[in-house]
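Protein chains: 2
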Amino acid sequence: MSEPATNDTAQKETEPKEQKNGEQNGEEEKDKSQPAVKEMKAIVLTGFGGLKSVKVLKRPEPQLQEGEVLIRVKACGLNFPDLMLRQGVIDNPPKTKAPFVLGFECAGEVEAVGEGVTDIRVGDRVAALSESKAWAELVAVPAKFVYKIPAKMSFEDAAAITMNYVVAYALLFEIGNLKSDQTVLVHSVGGGVGQAVVQLAKTVGGVKLIGTASKGKHESIKDVAHLLDHSTDYVQEIKKEFPDGIDLVLDCLCGDDVNKGYTLLKPMGRYVLYGASKLTTGETKSLFSLAKFWWQVDKVSPMKLFDENKTLSGFNLRQLLYAQGRDQYVRDLVDRIYKLYSEGQIKPVVDSTWAFEDIPDAMQKMHDRKNVGKIILDPAKEPIPRPPEEVVEKKRKGSAKSSKENKEKDNKENNEENKDNKESKEEAKAGGDSGEKAPENGTDK
Amino acid sequence: MSEPATNDTAQKETEPKEQKNGEQNGEEEKDKSQPAVKEMKAIVLTGFGGLKSVKVLKRPEPQLQEGEVLIRVKACGLNFPDLMLRQGVIDNPPKTKAPFVLGFECAGEVEAVGEGVTDIRVGDRVAALSESKAWAELVAVPAKFVYKIPAKMSFEDAAAITMNYVVAYALLFEIGNLKSDQTVLVHSVGGGVGQAVVQLAKTVGGVKLIGTASKGKHESIKDVAHLLDHSTDYVQEIKKEFPDGIDLVLDCLCGDDVNKGYTLLKPMGRYVLYGASKLTTGETKSLFSLAKFWWQVDKVSPMKLFDENKTLSGFNLRQLLYAQGRDQYVRDLVDRIYKLYSEGQIKPVVDSTWAFEDIPDAMQKMHDRKNVGKIILDPAKEPIPRPPEEVVEKKRKGSAKSSKENKEKDNKENNEENKDNKESKEEAKAGGDSGEKAPENGTDK
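Chains as they are written, first to last, in our numbering: chain A, 272 to 716; chain B, 272 to 716.
Pulled out of the complex, with its shape left as it was, chain A reads as follows (with noise of 0.2 Å):
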């Protein structure tokens, strides 16, 4: 499955301070002599910036609001825009609002319901779009963003189908419109969502995949025509198979990855943008970078469109269900996507399952594109034994300082890293473990 983590920030600890800004229970600071508040475990962005930002704290228990369902939780989807997030590339939650609890995705049993929820009963098995909150033991989630789940399907599917699904789905049929026959680019191919396109598009008969992925997880990758490195000329190597251009792509990059996938559309091809997960790569950590990055992103005239036969659309979950509120429309996306599970058209490809505490290799992993389907969190699950030495270091440096010492230090840690970054690389400095991630590393960049 995966190497032993050696990353020490994500040991279990209490941070009272944090605890007491808590925004989970919606409450103010309070009196200490009251009745001790109960704790869960829960995955917390302390800050903004490399991994060790992320840490499993013990947080008070989400207080149910109403309309609220409250959710014990058995699994969790890591996401791409959760590495966002941790970097502050997307603002929402907004970064004033740290520390927050993570996590987009969750799945789990009803633990009660709020007033004034009527589809959704204590012990319904059920799965989640949060709006963060979602990496704990408990979460109160808004029923519109709660979904029952089919009752052959596991927390684990459930976790892993929900959010890549609803955007392989949308970008597929409600924006893609794709028929039989047709060509589609996805980048990532190896990705959640990309592996969710793979198996979408086999419900239509003859759709040729073409996907990019580093090269060294080709062979893990099934089902795709035409597999190429996204570090070489893809373009030539696409133009030149399919000289009359194709009829999809699908671009969760963005950058120059645009103005390419454009040009690769035949007429009436569509272009889709549904992520910037370029923003997240060292390289544009410079604002020189970043400013080249958006710089490379033509704007386009919609009479150029209407030349070329041409349609450009972006999709961003997150916005249509929290800024814009079209959650019905996720969830008729939802129903049909559970129901093509039942069907058994459709199998989450599951990459890896992690403990909470081992978070930090986990989103390195997705980081450096080494997974190939979805990357799930289990709030149950047992750590990965980490060599006892820096567990013990680790303790004598936390215990020998205040929180706020703690909370200087982080912010070092993270400046430190956001240096790393500038290499392209992001590794956890402390735990000094490229050696045993060389073998993968090699062709992954």
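There could be a bad hint or two in this list.
If chains are identical, the list can't say which one is meant, so a pair holds when it fits in one copy or spans any two.
Calculated pairs, DSS-like style, for lysine-lysine (alpha carbon to alpha carbon, straight line, at most 27 Å) [said to hold, decoys possible]:
1) K473 with K309
2) K549 with K423
3) K415 with K450
4) K570 with K531
Hints were generated in silico from the structure; no laboratory data involved.
Model the placement of chain B on the given structure of chain A, informed by the hints.
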């Protein structure tokens, strides 16, 4: 149906110089001593500009080439691109090729087939989307642009349905991916494409149509829930009625309506530009207005589409067929449309049928947006009787001049007409027919 034409430029005449230059038969100038070339009646564009550029002339019958189908034309479709071509707004066929026979659409009986044509036989009833040349008694069209029509489809219906419904079908279902209960804004809903959109939208349950059309013809337009006058602040009216936005905007106007249309979209909404009919109004004749027209159309970043969950598309059937080689794609759409017709699900709305000689009136009607549904030209129809003095006057003038002089006169008239266009109204100067049209005119701008 319509008022008698008073424009005197479209009388049958022969113009020997143009006849010799004819690109219809694809041959070099012939020696007059050879057997006389058979002639036919055709609507010829002699230059670019106003209605006087269009003449009914005798032309040599086309000679069939390999891969072509010779059609005895029974009905022709008038489409907006014909007006744009006449005014020189679109350049295909290129201006240098004038004079040439106009017309992108016709239906008739197959009189002969060229070498290599296998699917179509002599006697077949067909429609054709020809790259010009369709408005003649005979036309030779590459077989790839010729479609056999259902047994029960009249030639008039075939000429009314083929181009408009292909466009409408592509807009609604191929690009728009229309679903039940969605809202659609259609500009110029009274036009040929607009009326096709209305009929095709009815095949989907619960679609709410919003249409713009000049107030004067609102009464004649059926099945459109929300009819608005384009000259009012339609954006505000729509926002009031549909505060969440609309799902699909179909825009044949261009200019500032592009940005307005984009603004009206709800998240997951789509805007499609499929024409630029505003370019043919008098107001864009000045260079300043023309520049303003282009400036008004905002370029859009794919990243904005990503944030807003929106789609921008262009559709241009002529480009698709004649420049981009997607004739098989269009053929599939034609098949689907003819099937819907055979099933009785659609029935084209024909506004009026005109003799070739009455083409100026037919074009004027479309230009003034006075038609509801398709305008058809019938080569066998008798022209509307003209006041005898005008015919006499015309003949007297014409016979006194050489063909070269005639051409100079035409150019001069065209220039004068362009001046008229600056007054936002295109009229046949010689006819002085504004009095007769006054009752309809009042609300049309």
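To see whether the hints hold, each was checked on the structure:
no.: 1; hint: K473 with K309; result: neither (47 Å within a copy, 58 Å between copies)
no.: 2; hint: K549 with K423; result: neither (37 Å within a copy, 57 Å between copies)
no.: 3; hint: K415 with K450; result: between (31 Å within a copy, 22 Å between copies)
no.: 4; hint: K570 with K531; result: both (13 Å within a copy, 18 Å between copies)
Consistency note: the structure conflicts with the earlier hints numbered 1 and 2.
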